[in-house]
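Visitor: Sequence:
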Amino acid sequence: ENMLRSGHRIDVDDETIIGRAILLGEPQIKTGTDPSIWAGERPIPSEVALPLQTSGQVRGAVHITHQWPNVFQREDVDVLALLADQVASSLENSRLLKQGQSNLAEIEALNRRLTQRAWEEYLGDQTALRHTLDPSDAWPETHENLGESGRITARTYTDADGRSVLAAPLILRGELIGALAAARPPDSYWTTDEIALMESVANRLVMIAESVRLVDESSRRAAREQRVNEISTELLQRAADVDGVLQTALNELSRTLGSDQLSLRIGPPPVEDEFQISDGQQGE
Numbered sequence: 012e013n014m015l016r017s018g019h020r021i022d023v024d025d026e027t028i029i030g031r032a033i034l035l036g037e038p039q040i041k042t043g044t045d046p047s048i049w050a051g052e053r054p055i056p057s058e059v060a061l062p063l064q065t066s067g068q069v070r071g072a073v074h075i076t077h078q079w080p081n082v083f084q085r086e087d088v089d090v091l092a093l094l095a096d097q098v099a100s101s102l103e104n105s106r107l108l109k110q111g112q113s114n115l116a117e118i119e120a121l122n123r124r125l126t127q128r129a130w131e132e133y134l135g136d137q138t139a140l141r142h143t144l145d146p147s148d149a150w151p152e153t154h155e156n157l158g159e160s161g162r163i164t165a166r167t168y169t170d171a172d173g174r175s176v177l178a179a180p181l182i183l184r185g186e187l188i189g190a191l192a193a194a195r196p197p198d199s200y201w202t203t204d205e206i207a208l209m210e211s212v213a214n215r216l217v218m219i220a221e222s223v224r225l226v227d228e229s230s231r232r233a234a235r236e237q238r239v240n241e242i243s244t245e246l247l248q249r250a251a252d253v254d255g256v257l258q259t260a261l262n263e264l265s266r267t268l269g270s271d272q273l274s275l276r277i278g279p280p281p282v283e284d285e286f287q288i289s290d291g292q293q294g295e
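Residue numbers for the sequence shown follow the numbering used here, beginning at 12 and rising by one.
Derived by calculation from the structure, the hints in this document are not laboratory data. As the structure is a computational prediction, the values presented were derived from the model and not from experiment. Any given hint might turn out to be false.
[What the hints assert, rightly or not] Computed cross-link-like contacts, SDA-like style, restricted to lysine to any residue with a CA-CA straight-line distance of at most 20 Å:
{"no.": "1", "residue 1": "Lys41", "residue 2": "Glu26"}
{"no.": "2", "residue 1": "Lys41", "residue 2": "Glu86"}
{"no.": "3", "residue 1": "Lys109", "residue 2": "Val98"}
{"no.": "4", "residue 1": "Lys109", "residue 2": "Ser66"}
{"no.": "5", "residue 1": "Lys41", "residue 2": "Asp89"}
{"no.": "6", "residue 1": "Lys41", "residue 2": "Asn81"}
{"no.": "7", "residue 1": "Lys41", "residue 2": "Ile28"}
{"no.": "8", "residue 1": "Lys41", "residue 2": "Gln78"}
[Stated by the list, open to error] With beta-carbon atoms standing in for the labels, derived distance ranges:
{"no.": "9", "residue 1": "Gly67", "residue 2": "Glu236", "range": "42 to 52 Å"}
{"no.": "10", "residue 1": "Ile219", "residue 2": "Leu115", "range": "18 to 28 Å"}
{"no.": "11", "residue 1": "Val223", "residue 2": "Leu93", "range": "52 to 62 Å"}
{"no.": "12", "residue 1": "Leu115", "residue 2": "Gln84", "range": "41 to 51 Å"}
{"no.": "13", "residue 1": "Arg215", "residue 2": "Val253", "range": "54 to 64 Å"}
{"no.": "14", "residue 1": "Ser229", "residue 2": "Ser105", "range": "38 to 48 Å"}
{"no.": "15", "residue 1": "Ser211", "residue 2": "Gln127", "range": "20 to 30 Å"}
{"no.": "16", "residue 1": "Thr202", "residue 2": "Arg235", "range": "47 to 57 Å"}
{"no.": "17", "residue 1": "Ser230", "residue 2": "Glu159", "range": "29 to 39 Å"}
{"no.": "18", "residue 1": "Glu236", "residue 2": "Leu273", "range": "18 to 28 Å"}
{"no.": "19", "residue 1": "Leu115", "residue 2": "Gln237", "range": "36 to 46 Å"}
By construction, the Cβ of each residue, glycine as well, lies at the ideal position given by its N, Cα and C atoms.
Sequences and hints are given; from them, build the entire structure.
Guide: Pasting the structure below:
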């Protein structure tokens, strides 16, 4: 512990048995003294260093000392080597566990970013999908800590109008995508069963909403693919040469995109003119 606190270091070279054990990957025994190892400490009569190896790589070494000379024999080293292998295996398992946890955290963070981006793209120009049964269209004030735990946990609180609110966050893959809330007149309360019901509905609603989004996204992707195939078929049927292909492609894209300013070029950029289609110009 004193060595750890003082930041004690030993060079990995052949000057010490620890360095040799790491360099050679083999147990090293010394029965004499080696004052150079422990600066400022008394000489050590007996010591042994055993490499910690995993997957063919030396990760460190176990260093054992004794106050009497000629203590460590070859059979002792064999037993200690088995213990060193167990220590090395435990250290490697710990390293792999930490690496796995780090990888899992990175994957979860990536999933959250992808989920957030997917819903932002799905909503498009809409800032939110909102539905309420309140005739006054008065939405309960959302609690600032709603969903901070990353889990769908319902909360009860009082909003700015004094109403008793029961709200549950809509969380998908750790990302907050919305909220489900109910309000009652002031001085009302919510039962434990009602809170549990709100959480169950929120969990089910998140899964259904994500499934619908995926189906909708697949349908839109299929529609795009179908339109691309239609344009390709139209090009093959109507175009007699490359110039005709370009003109037909512009006409079809203009109709599909609802834009009368499209440009298409094959080859180097033109010096002055640009092959452009405008409404009514037929690509000329």
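Visitor: All the hints need checking, so say for each whether the structure fits it.
Guide: Hint check:
no.: 1; hint: Lys41 - Glu26; in the structure: holds (12 Å)
no.: 2; hint: Lys41 - Glu86; in the structure: holds (15 Å)
no.: 3; hint: Lys109 - Val98; in the structure: holds (17 Å)
no.: 4; hint: Lys109 - Ser66; in the structure: holds (17 Å)
no.: 5; hint: Lys41 - Asp89; in the structure: holds (15 Å)
no.: 6; hint: Lys41 - Asn81; in the structure: holds (8 Å)
no.: 7; hint: Lys41 - Ile28; in the structure: holds (7 Å)
no.: 8; hint: Lys41 - Gln78; in the structure: holds (12 Å)
no.: 9; hint: Gly67 - Glu236: 42 to 52 Å; in the structure: holds (50 Å)
no.: 10; hint: Ile219 - Leu115: 18 to 28 Å; in the structure: holds (27 Å)
no.: 11; hint: Val223 - Leu93: 52 to 62 Å; in the structure: holds (59 Å)
no.: 12; hint: Leu115 - Gln84: 41 to 51 Å; in the structure: holds (46 Å)
no.: 13; hint: Arg215 - Val253: 54 to 64 Å; in the structure: holds (55 Å)
no.: 14; hint: Ser229 - Ser105: 38 to 48 Å; in the structure: holds (43 Å)
no.: 15; hint: Ser211 - Gln127: 20 to 30 Å; in the structure: holds (24 Å)
no.: 16; hint: Thr202 - Arg235: 47 to 57 Å; in the structure: holds (49 Å)
no.: 17; hint: Ser230 - Glu159: 29 to 39 Å; in the structure: holds (35 Å)
no.: 18; hint: Glu236 - Leu273: 18 to 28 Å; in the structure: holds (20 Å)
no.: 19; hint: Leu115 - Gln237: 36 to 46 Å; in the structure: holds (39 Å)
The structure is consistent with each of the numbered hints, conforming to all of them.
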